[in-house]
Amino acid sequence: MCLGIPGRITEIWDDRGTRMALVDFGGATRTACLAYLPDASIGEYTIVHAGFALTVVDEAAAHRTLATFRELGLLAEELGPDPLPATPLQSTPLPAEEGGR
Amino acid sequence: MRYLTEFHDPRLAATLLDTIAATATRRWTLMEVCGGQTHAIIRNGLDQLLADQVEFIHGPGCPVCVTPLEMIDRALTIAARPEVMLCSFGDMLRVPGSTTDLFTVRAHGGDVRVVYSPLDAVRLAEAHPDRQVVFFAVGFETTAPAAAMAAVTARRRGLTNFTMLVSHVLVPPAMRAVLASPDNRVEAFLAAGHVCTVMGTAQYEPIVAEHRVPIVVTGFEPLDLLDGVRHAITELEAGRTTLVNAYPRAVRPEGNPSARAMLEEVFTVCDRPWRGIGMIPASGWRLSPAWSQLDAELRFDIADLTVAESADCHSGEVLQGRLRPPQCPSFGTTCTPRRPLGATMVSAEGACAAYFQHRRLSAVGGGR
Ligand code: SF4
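Protein chains in written order, with numbering that gives the first Met the number 0: chain A, 0 to 100; chain B, 0 to 367.
Chain A extracted, bound-state conformation (with noise of 0.2 Å):
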């Protein structure tokens, strides 16, 4: 019940007097209470728990804070190269790829 990932807000109406939602979750929908963002809009990503929206991802701030570590990338690549190989984050789906080719 507490795996939240953001979904975007496809649909918004008034069930006898509580806002609800159409989430999309890549695909998957589901709905959910709005109650707890009275300014949701459609569009915007929310995350979501048992059935209730909670937040709305702020996506300015997304962006920053994907800017700090593309800046990290920088510094570390002026203070010189760093000789370690990709990071096995990368290359974990690869064993199956081989394997499926």
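Since the hints were derived computationally from the structure, they do not count as laboratory data.
Label-pair restraints from in silico Cβ distances:
id: 1; chain 1: B; residue 1: Asp182; chain 2: A; residue 2: Ala60; range: 31 to 41 Å
id: 2; chain 1: A; residue 1: Trp12; chain 2: B; residue 2: Gln326; range: 49 to 59 Å
id: 3; chain 1: A; residue 1: Asp23; chain 2: B; residue 2: Glu308; range: 34 to 44 Å
id: 4; chain 1: B; residue 1: Arg184; chain 2: A; residue 2: Arg15; range: 50 to 60 Å
id: 5; chain 1: B; residue 1: Leu178; chain 2: A; residue 2: Thr67; range: 24 to 34 Å
id: 6; chain 1: B; residue 1: Glu209; chain 2: A; residue 2: Arg63; range: 29 to 39 Å
id: 7; chain 1: A; residue 1: Gly25; chain 2: B; residue 2: Arg25; range: 33 to 43 Å
id: 8; chain 1: A; residue 1: Arg63; chain 2: B; residue 2: Arg26; range: 22 to 32 Å
id: 9; chain 1: B; residue 1: Ser97; chain 2: A; residue 2: Asp38; range: 38 to 48 Å
id: 10; chain 1: B; residue 1: Arg156; chain 2: A; residue 2: Ser40; range: 21 to 31 Å
id: 11; chain 1: B; residue 1: Ala106; chain 2: A; residue 2: Leu21; range: 26 to 36 Å
Where chain B lies over chain A, by a calculated footprint (3+ residues, C-beta under 8 Å):
id: 12; stretch: 33-40
id: 13; stretch: 43-55
id: 14; stretch: 58-72
C-beta: ideal position from N, C-alpha, C; glycine also.
Position chain B with the ligand relative to chain A; hints supplied.
Quick look at chain B with the ligand alone, frame taken from chain A:
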């Protein structure tokens, strides 16, 4: 929309890993509080990638795992009554009580339903006025707002056949309990980001100040977790104890004010025993007196049950970070997700289930 997938970007992950490696002068012990984060760490192998810099201690943040045995037994007792329809999250069905589980009660004719949202239980109560519908409300600050709204909706619709068995738990008192333990080794916390979407960040300030421990509010994607680690290590290496919000796209300092107001209206803080851990003062929510008509414990006479945990299950030590799941003698042998001995093997957020799903093959077969 693309920015969402970027939080999985392997190149940026490599950057963060390099930064962490360059910052850490020793190995630090971090606790990720939330079971969802435990699964993400194990699934992505972050503990292995950071083996030289970080020892992860897995925290007690699995709501299903810490729901006290006597609460499970109360749910089982209520569910066995002929007039009752007991509704719960799917995870709860296979959690072992002291003698049986909800799944078995259902197999023997009990009316046990899985719901996705507490509002579904309210709808069932409306649709079945001849049944006593009981919602088994478990979970942390992330799920409690949903239960609070179910109570409000049931009252608004004048339902008299809807009650709740409430066993909500709170994260900050559990973090205090971990820190107060004489054998505590946690040097910094990755705080559960989604709890903070509701409660905000201010409640961690006193913990940081009193225990001189950095707390980093952290998200759930691989890059979020690496960034949480980066912040924690930066603080530790600098000898600073600060509260950091590393998940600003989802967490505002004030949390969700309307959810907090509703929680305050419907629930009161209470002492709560945690399964495997024991009593933690002021660590739970129960219905406040104004809502006692909705309290299933009052509607149904539940005798005080004395209960004992299976002696073969070490989930208490797992939940307190004293034992890693593979070190439990029952792990993967007499205890598997199909036949779990403890709640930590059942839940999608339990640490034993995380290791079983993502590490069993490498442990047994020696890797690929
Ligand atoms: S592996 Fe099973 S028996 Fe061992 S601690 Fe985990 S849940 Fe309990």
